[in-house]
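*Asks:* Sequence:
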Amino acid sequence: MTGLLYPVRFGGFCVQKIEGKGGCLIAKSELSVITKAKDLCSYIMTVTDKSPKRFRFTLVSRLQNYALDVIENLIMANETFVSAGDMRSAAMRMSYQRTAMSRLKLLSYMSELAMKQGCILPKQYEQITKQVYDAENMLGAWMNSDKRRYGGKQDNDGR
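Take the sequence shown: its letter number 94 is residue 94 in the numbering used here, and every next letter is one higher.
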């Protein structure tokens, strides 16, 4: 299916209208946190593409891999179906969410280190930090929502 994508925000989801064959529109929804993580990853790929070569196999690869790990874990968490009373699946989803949160924190630190080492510019670091902060808040809200829904107890930091 090829065509144009039209992202539209609706509640906690980003709905993309995809123009399919014959001009038909098909709606595809995605969690806003996943859309935010994809935007962050895209930005990191663009920024690190212009980084000095001496950082290619250290900071650049770490930044890119952490950004991809975040998307992977968010999608895995979202694809983990949890039925009523299925604590195993709920725990599995929570594990993916926590891993994504950890990768966001690592990404934040690595971007700070990259800025200090001259791998990325301060304004690029500022943009990455803003996007990471937004993604962390969205993910934290999702985790809290799941805890209320599936009856899990909260950690000390409210997540």
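Some clues are possibly wrong.
Keeping only pairs whose Cα atoms sit at most 27 Å apart, straight-line, the calculated DSSO-like set for lysine-lysine is [to be verified]: (1) K130 <-> K116; (2) K147 <-> K50; (3) K123 <-> K105; (4) K38 <-> K116; (5) K123 <-> K147.
Keep in mind the hints are simulated off the structure, nothing from the lab.
*Asks:* Hint by hint, note whether the structure agrees.
*Replies:* Each hint tested on the structure:
no.	hint	in the structure
1	K130 <-> K116	17 Å, holds
2	K147 <-> K50	41 Å, violated
3	K123 <-> K105	19 Å, holds
4	K38 <-> K116	25 Å, holds
5	K123 <-> K147	36 Å, violated
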